[in-house]
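Given next are the chains, with one letter for each unit.
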Amino acid sequence: MKAWLAILAAVVLLPVFVRHAIATEIWIFAIFGLGLNLLMGYTGLLSFGQATFFGSAAYVAGYLLKYYGINLFLALGIGVLVGAVSAAVVGYLCVQRSGLYFIMLTFALNQMFFFTAYQWTTVTGGEDGMPGIPRPTVLGLDIHGPLAYYATVAGLFLVSLWVMKRIVESPLGKILQAIRENEPRAEALGYDVSRMKLVAFVVGGAFSGLAGVLYAMLFGIVPLEAIGFVFSGNVVFATLIGGSGSLYGPVIGSFVFIWLSESVSAMWARWPLLLGVAFVIVVLFFRGGVVEAWARFWAWRAARRAPAGARVDAPR
Amino acid sequence: MRELTRRDVLKLGGGAAAATGLGFPTVLRAQAKEVPMLGLWSFTGAFSDVGPVLDRGMKLALDERGMKIQGKAIKYITRDDETKAGSATRRAEEAVDADGVKYIIGPWSSGVALAVSEVAKRKKVFHYFSGGTEDISGARCHRYSFQWAASPYTAAKTVVDTFMQANPKAKRWHLLVADYAFGWSVEKYIKEVGKTHGIEFVGADRHPLGEREFSNYVTKAAGNRPDVVAMINFGLDAVTGAREIFNFGLTPKIPLIMTWSSGVEELVQLAPEIRENIWVGSNFYYTADTPVARDFVKSYQAKFGGPPGYAPAAAYGMTRMLLHAMDKAKSTEVPDVVRACEGLEVDDLVGRMRVDPKTHQTLRPYFFMRCKKKEAMKHPMDFADIIATGSTPLPAEYAACKDIGAL
Amino acid sequence: MKASLLVSQVLNGLATGMLYALMGIGLSIITGVLNIPNFAHGALFALGAYSLYTVIQLVGNFWLALALAPLGVGLLGVLIEYGGIRPLYKAGHDYQLLLTFGLSLIVTEGIIIVWSPVGMSQLPPPVLRGGVDLGITFYPKYRLFVMVAAGLLVLGAWLFLEKTRYGAIMRAGIEDKEMVSLLGIDIHRLFTAAFALGCAMAGIAGALTAPIRGLNPWMGVDMLGIAFVVVALAGLGNLLGSIVAGLLVGVAQSLVALFWPEASVAVIFAVMAAILLVRPQGLFGIR
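Residue numbers (our numbering), protein chains in the order written: chain A, 895 to 1210; chain B, 84 to 490; chain C, 27 to 313.
It is worth saying that the hints were derived from the structure and are not from the lab.
Treat the hints loosely; a few may be bogus.
Stated by the list, open to error - Only part of the chain A face toward chain C is listed, based on derived beta-carbon distances under 7 Å:
1. 940
2. 987
3. 994
4. 997
5. 998
6. 1002
7. 1003
8. 1006
9. 1010
10. 1013
11. 1164
12. 1167
13. 1170
14. 1173
15. 1174
16. 1177
Unchecked claim - Below, a sample of chain C positions facing chain B; criterion: calculated Cβ distance under 7 Å:
17. 28
18. 35
19. 38
20. 143
21. 147
22. 240
23. 280
24. 283
In this text the structure is predicted, and so the values were computed from the model without any measurement.
The beta-carbon is built from N, C-alpha and C at its ideal position, and this holds for glycine as well.
With the sequences and hints as input, model every part of the structure.
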């Protein structure tokens, strides 16, 4: 409950401190991160090609929005659908492999989609991207204004967070975590591990697809980089930095990452160096990300305050 | 998995406040006495080498006026477009909304430019761009965007006419074209102008943008036994292509034409041996012989140590055109400046320059140069000599801008 | 289609293919022994090229630069493995992989800071400039040299792995790490050596490529993807497989460029996906 209050407070307060477009982007990226974290944090599958689903959904929904003027609900639905279907295809190819092969395959398939989008200039616009994506009116409400769109996206983020929470607390979520902890055992217990992984992929893809459509409508353009490897890498960064072991990790990570890329980049053109260094530090020392660092900090404070002799649990 | 606690709420709140202090873009309002201008340059990404020099060019032009225009102070800000359409759109919009920017110069990449042009149209801000796309003054024209670079038709005509004058016997041409709309346009114009010279196009290959492996195209070109190879591409593609054409021994035996080059920025990446017998068409070269150019090159050289390439010159030139328009309009309001810019005619950086009111295309000379042999170079940046300029505008029947629209 | 054109294209394919094989072998050794796909492989390729350039600027000798560049990159590999990858051994492969990902950013930005983002050219040594008339076609000497040099390096790697004791240990490490350490061999030294060797191979591939493609800070980005394709096709740790896969990819790219240039890159990844679907262990892998 407390966590939800904190998040609600953030949603309401953020546009006060931060420009609306940036704030909107943070929640979009958080949705994207939630999708990845179902795979990375909960199932233990390091997918390096999430931009495939994000970008594909953005292109398809963007195309329909631009040339066929579909309404918002249809656009969102199509985004989720394209994200899920592309993830099903990619997932089907990938989940049969494990570890290394899985990672390399997600990367390679991402590259394939990227180069296809790059060369198919008549449809995707290639390097120029697909500009001119409109924001349709919602139930008579005009969401062209930055604040109105922010409200829409923030609302969808809250819904997504709630859905993801339900998923990870459901039996499916428990099974996925079991697979992460000990795959052969999960298999031995009778679970169809490959099928479960595929389900995780599809769900993750659906979230990525939603984020993709919202991104396209945010800036009115589907840029090529939305389907590129760098984007895939960014969401991995953000999720890891936030903390992949927590439901809220991707949310925090989204804040941190977008803050870095907006503020630091204005100060130093070589800011990706700082990003790389931050990442290395997180990987070496704070693998649980901000969430874990935070927890450790408070545990340290608590331990310092505890009277001598008091123990948390007695050794046996 | 940890539940967020009250402490996390505090942290989030504190973080937001700290972030604001640390530079998160906030909702500010520009003062009415200022004229905010945005230089949208690439500081990271594929074109990160040009960001700093573009900045120099625009600053030089603004400094000439003491950072003031029409009695108001000019607020010059730069933003990194990361050579990406998404980032450019974002940062341009942010600059308009948060910093009150009314005038955008840039970006560098033509693909990104189209995205920025959309922002200009949506937000009704003035936008000047220089680069390889016909759409800004063509199919996607609107009242707020202007194009500084010469029309590709002007480029093609200058290149072909001048080259044939110097090499009347070189009738067999092989074309190597970057596979995007601009490349196809230039290809079309070259073939047209070439017809009038009796040129036989023995081959024309399209390569994907960002191609790194040119050996295949070069061997195909060699197979056609051309008298000259003409490349229609830009940046790293052009440099890589030129290098392979040299590696395979085509140059310096036969000439290579770089039809739409940035000049210095590309030539500096090649060694003098590779540059021998390369002919270059460009929107600017620093030995241009106009009073404005001479002064510009002198100040640039004095301040930064080397001659300016096309990038800083374009930034400088566009800023000057904008300032001229403000002078003419006696105002810094966007609609007035737009109207003043339409039909603006000045003797500026590259010579006589006029902005076509119907298409927002700047009609101006295009340069054609020949690269020097290593022995003939007087200093390390002495790449080429300007042989001629040409300013034939795009014929009306090709103009894709049918209706430039209202303000 | 003229025969000379076809021959030229095949030669192109073999030359680039040899470079791909070199990259693939290096990556294959790292992934085989350490079980992590080295996301910094492309950045190290670029570093090798830039090192060659700088050494030539300093001492003017191409051959010396060609020897020193991979050495430098290999040493960097030792530092990376010792300082970054080894501490993460307990944390798991995913984190080691992510470390290499962060490093690729650091190396690339580092190159920009040290050398500037402006692209540069590096001419081949004078003896290798110009071309050779092969009768059927004219072909650059330097590309032939690269074909031969890369081939020799690949042969050297094969000899090392197949015929020497250290090589046998490395192969055993790819097969079964636990057994190797149970046999009393210092597994950590093995990892460091394997990683350094893989990095050195990326370095020399970059150094060899510099006169062909020039230098720019992102020259390794495409190479990374292709190296992954080669390794996936060949099967982890499979040396012979990497050679064949590399050549296959190179020639395929050249021939596809003849008919359908726009697709030449996407096709590579599509083929990789197709093969992995049918034979997950790659064309030649056994596990």
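Structure-based check of each hint:
Given hint, residue 940 (chain A) at the interface with chain C, holds; its Cβ is 5 Å from that chain's nearest Cβ, closer than 7 Å. With a cut of 7 Å, the hint placing residue 987 (chain A) at the interface with chain C holds, because the nearest CB-to-CB distance is about 6 Å. For residue 994 (chain A), the suggested interface contact is upheld, since its CB lies about 6 Å from the closest CB of chain C, less than 7 Å. The closest approach between the C-beta of residue 997 (chain A) and any C-beta of chain C is roughly 6 Å, which is under the 7 Å cut-off, so the hint is satisfied.
Because the closest C-beta pair between residue 998 (chain A) and chain C is about 5 Å apart, less than 7 Å, the hint holds. The interface hint given for residue 1002 (chain A) holds, since its Cβ lies 5 Å from the closest Cβ of chain C, which is under the 7 Å cut-off. For the restraint placing residue 1003 (chain A) at the interface with chain C, the shortest Cβ-Cβ distance is roughly 6 Å, inside the 7 Å limit, so the hint holds. Against a cut-off of 7 Å between C-beta atoms, the interface hint on residue 1006 (chain A) holds, since the closest Cβ of chain C lies about 4 Å away.
Annotation: interface hint on residue 1010 (chain A) holds; nearest CB of chain C at approximately 5 Å, less than 7 Å. Taking 7 Å as the C-beta contact cut-off toward chain C, the hint placing residue 1013 (chain A) at the interface holds, the least distance being around 4 Å. Using the Cβ-Cβ criterion of 7 Å, the hint placing residue 1164 (chain A) at the interface with chain C is satisfied: the shortest such distance is roughly 5 Å. For residue 1167 (chain A), the shortest C-beta to C-beta distance to chain C is roughly 4 Å, which falls under 7 Å, so the interface hint holds.
Evaluation of the residue 1170 (chain A) hint against chain C yields a held restraint, the C-beta minimum of about 3 Å falling below 7 Å. A cut of 7 Å between beta carbons decides the hint on residue 1173 (chain A): the least distance to chain C is about 4 Å, and the hint holds. Interface restraint check for residue 1174 (chain A): the shortest CB-CB distance to chain C comes to about 4 Å, inside 7 Å, so the restraint holds. For residue 1177 (chain A), the shortest C-beta to C-beta distance to chain C is roughly 5 Å, which falls under 7 Å, so the interface hint holds.
Residue-level restraint check for residue 28 (chain C) holds (minimum Cβ-Cβ distance to chain B is 6 Å; threshold 7 Å). Residue-level restraint check for residue 35 (chain C) holds (minimum Cβ-Cβ distance to chain B is 6 Å; threshold 7 Å). Because the closest C-beta pair between residue 38 (chain C) and chain B is about 4 Å apart, less than 7 Å, the hint holds. A distance limit of 7 Å between C-beta atoms decides the matter here; for residue 143 (chain C) the minimum to chain B is near 4 Å, and the interface restraint holds.
With a cut of 7 Å, the hint placing residue 147 (chain C) at the interface with chain B holds, because the nearest CB-to-CB distance is about 5 Å. The beta carbon of residue 240 (chain C) is positioned within 7 Å of a beta carbon in chain B (closest approach about 6 Å), and the interface hint is therefore held. A least Cβ separation of about 5 Å between residue 280 (chain C) and chain B falls short of the 7 Å threshold, and the interface hint therefore holds. The beta carbon of residue 283 (chain C) comes within 4 Å of a beta carbon in chain B, closer than 7 Å, and the hint placing it at the interface holds.
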